[in-house]
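There are 2 protein chains.
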Amino acid sequence: MITSNHNPIKIGIVGYGNLGKGVELAIRQNADMELVAIFTRRNPQDINTSAKTVHIDQITDYKDIIDVMIICGGSSTDLPEQVPYIAQWFNTVDSFDTHAKIPEFFETVNKAAKDHHKLSLISTGWDPGLFSMLRLLGESILPQGETYTFWGKGLSQGHSDAIRRISGVKGGVQYTIPIESALERVRQGENPVLTTAEKHERICYVVAEDGANTATIEHAIKTMPNYFAEYNTTVHFISEEELKANHSAMPHGGKVFRSGITGTDTKQNIEFGLTLESNPEFTSSVLVAFSRAVYKLAQQGQIGAITAYDIPLGALSPKSAEELRKNLL
Amino acid sequence: MITSNHNPIKIGIVGYGNLGKGVELAIRQNADMELVAIFTRRNPQDINTSAKTVHIDQITDYKDIIDVMIICGGSSTDLPEQVPYIAQWFNTVDSFDTHAKIPEFFETVNKAAKDHHKLSLISTGWDPGLFSMLRLLGESILPQGETYTFWGKGLSQGHSDAIRRISGVKGGVQYTIPIESALERVRQGENPVLTTAEKHERICYVVAEDGANTATIEHAIKTMPNYFAEYNTTVHFISEEELKANHSAMPHGGKVFRSGITGTDTKQNIEFGLTLESNPEFTSSVLVAFSRAVYKLAQQGQIGAITAYDIPLGALSPKSAEELRKNLL
Chain A
1 MITSNHNPIK IGIVGYGNLG KGVELAIRQN ADMELVAIFT RRNPQDINTS
51 AKTVHIDQIT DYKDIIDVMI ICGGSSTDLP EQVPYIAQWF NTVDSFDTHA
101 KIPEFFETVN KAAKDHHKLS LISTGWDPGL FSMLRLLGES ILPQGETYTF
151 WGKGLSQGHS DAIRRISGVK GGVQYTIPIE SALERVRQGE NPVLTTAEKH
201 ERICYVVAED GANTATIEHA IKTMPNYFAE YNTTVHFISE EELKANHSAM
251 PHGGKVFRSG ITGTDTKQNI EFGLTLESNP EFTSSVLVAF SRAVYKLAQQ
301 GQIGAITAYD IPLGALSPKS AEELRKNLL
Chain B
1 MITSNHNPIK IGIVGYGNLG KGVELAIRQN ADMELVAIFT RRNPQDINTS
51 AKTVHIDQIT DYKDIIDVMI ICGGSSTDLP EQVPYIAQWF NTVDSFDTHA
101 KIPEFFETVN KAAKDHHKLS LISTGWDPGL FSMLRLLGES ILPQGETYTF
151 WGKGLSQGHS DAIRRISGVK GGVQYTIPIE SALERVRQGE NPVLTTAEKH
201 ERICYVVAED GANTATIEHA IKTMPNYFAE YNTTVHFISE EELKANHSAM
251 PHGGKVFRSG ITGTDTKQNI EFGLTLESNP EFTSSVLVAF SRAVYKLAQQ
301 GQIGAITAYD IPLGALSPKS AEELRKNLL
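Chains A and B, in that order, are what the protein sequence lines are.
Last residue of the first sequence: number 329 in full-length UniProt numbering, and the count goes up by one each step with no gaps.
Last residue of the second sequence: number 329 in full-length UniProt numbering, and the count goes up by one each step with no gaps.
Among these hints, one or two may not hold up.
Because identical chains cannot be distinguished in the list, a pair is counted as satisfied if it fits within a single copy or across any two copies.
Said to hold, decoys possible - Listed below are the simulated EDC-like cross-link pairs for lysine to aspartate or glutamate, each with C-alpha atoms no more than 20 Å apart in a straight line:
| # | residue 1 | residue 2 |
| --- | --- | --- |
| 1 | 267 | 146 |
| 2 | 111 | 323 |
| 3 | 63 | 115 |
| 4 | 114 | 64 |
| 5 | 326 | 230 |
| 6 | 153 | 201 |
| 7 | 153 | 271 |
| 8 | 296 | 32 |
| 9 | 267 | 190 |
| 10 | 244 | 210 |
| 11 | 326 | 146 |
Calculated from the structure, these hints are not laboratory results.
Using the sequences plus the hints, can you model the full thing?
Structural data, given as structure tokens:
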């Protein structure tokens, strides 16, 4: 890696769950970056890290020190509240992943960032993020064709988070499973018409609090819009011990296919796939690479909200344009 | 597809070989584009197309009419000569693919385009192009890891072109073949150290002109720098009839892997693959999508030479930023 002669890019982390921890690890792999502090709603002394920890109420003290704030909360309630607020003082990156609410989230963050001359990259990670980029590439290059996104098998952070916010739930995880017969039809070049629900099922393992009504919880999960209502969802209630023993790893992955035709009937296929031993560590690595791009674009004077579609890929790399052309193109 | 309310983007094609023909087909799949004319060094009346054909000597007559010129010559001699010349009057897109000479080509085109306030996207297609983009994504997201590019099995236009320019050669094709044992080691996550030559072999089928010395031709191929000298290359001399019967299709494909580690020892894998029934038709489709981006960026006032690394992906799509965020992100 080429390290820059300039000062390192100064990063702040908001939230120290799995994603925040992953960002901390990812920054160590990037010589051009430096972690300044982790901001938390908890007592900063309770955070088990060698990095500096600061209560989130003090975040504005760092407004002239931190170049990019990576906001690592959940999409259900944390990010819609935190990102527009923090975007008043900092360039930000987040992984807001409630696809249906992205336009609304974009508008809110765009206003906050623009009003305060800051730059906010929203909704990045691997989906939305890398998968979004591949969907766009696929349909732009092969306009006559079909795009397919498959997720899993893997544990979905967003969906697990959504389960855990239901009243009476003590813990829980959700696995997204691609339906094998659907995957096979796409691979065969059949170009079938498939809804998201026809491509995946969702399996939840839930620990209920003592005395909670499991039927009520199951109903709350299965009817939750955007997350579960449209899917074949199975809910299993298990013990806390079983959850810890069998469901602590966070693997994930998925595939984006573009299956198209050029000329009269020439078949062309694009396939992109991820196989991840840790979803949060990989998502964090994406957020860190994109925070470099946010830093560079903000230096150029860009303000407002942007997405992965607005980033020239070269901005993700610590290497110079000359070196990228010479060694990577 | 959303068709624009604006006038269509006006495209010109320079050169009417396989790539130029592919561009003509690809433009028909994009409702926001219009093919104005095909420019040729041949007698325009000899070009078998329903499109308008114009001798290349008249190209400057179109300087106020064509938005983007897609230059479809070969990398050995056509593009280094044509692109800097045409970039004086037109925004351009090309597929210059001699990796080792890209920095020099970039500088020449950059000067021509900048001096005349035009924008030139160089070296796009699928490699360089899509594969370059995936290599950059891979190493930016997973800085601790290895990148692997495999080509084939497929017929390489650039290498076939190089063979056909050798004195005494009447015709010929070159297949790039991934070495299966190398592919398998990468898939197993071994992260082996492999040179390009350790990943691929090259097989050439050549038709010699009457009386040509085949030993001289074979030597010229096997010692050609950048193209063949570094590889295990096999040359077969065949008849013109056999070439036509067995080697007229132009399939290709390949894979880019990034195999990396996050945290302490968490394995993360990114894989991108293409399976193409027609290499030139696919490359053409990439050139057409990128010509849309060149049009948009030129409208914003960008000048000089750029590569796929300088393009925000959203510029490749005919859709608005709002629609992309709503339906694709």
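Check your understanding: Is it within, between, both, or neither for residue 153 and residue 201, if the alpha carbons may be no more than 20 Å apart?
Key -> This pair counts as within: shortest intra-copy Cα distance 10 Å, inter-copy 36 Å.
Exercise for review: First find the shortest C-alpha distance between residue 111 and residue 323 inside one copy, then the shortest across copies, and answer within, between, both or neither for a cut-off of 20 Å.
Suggested key: Classified as between: cross-chain Cα gap 19 Å, same-chain 36 Å, threshold 20 Å.
Review point. Is it within a copy, between copies, both, or neither that the alpha carbon of residue 63 lies no farther than 20 Å from that of residue 115?
Key: For residue 63 and residue 115, only the intra-copy Cα distance (16 Å) is at most 20 Å; the inter-copy one is 42 Å.
Point to revise | Intra- versus inter-copy proximity for residue 32 and residue 296 (alpha-carbon distance at most 20 Å) | key: within (12 Å within a copy, 32 Å between copies)
**Study point:** residue 153 and residue 271: within-copy, between-copy, both or neither at 20 Å Cα
**Key:** both (17 Å within a copy, 16 Å between copies)
Check your understanding: Is it within, between, both, or neither for residue 326 and residue 146, if the alpha carbons may be no more than 20 Å apart?
Key -> Close across copies (18 Å), not inside one copy (35 Å); limit 20 Å.
Exercise for review: Could you place residue 267 and residue 190 in one of the four classes (within, between, both, neither) given a Cα distance threshold of 20 Å?
Suggested key: within (11 Å within a copy, 33 Å between copies)
Review point. When no copy is named, should residue 114 and residue 64 be tagged within, between, both, or neither for a Cα gap of at most 20 Å?
Key: For residue 114 and residue 64, only the intra-copy Cα distance (18 Å) is at most 20 Å; the inter-copy one is 37 Å.
Practice item. Evaluate residue 326 and residue 230 at a C-alpha cut-off of 20 Å and name the case that applies: within, between, both or neither. Key: between (48 Å within a copy, 19 Å between copies)
Check your understanding: Between residue 244 and residue 210, at a C-alpha cutoff of 20 Å, which is it: within one copy, between copies, both, or neither?
Key -> within (17 Å within a copy, 77 Å between copies)
Point to revise | Alpha-carbon proximity between residue 267 and residue 146, which holds within one copy, between copies, both or neither at 20 Å | key: Only inside one copy: residue 267 and residue 146 sit 12 Å apart there, 31 Å across copies, limit 20 Å.
Violated hints for the displayed structure: none, as all numbered hints are satisfied.
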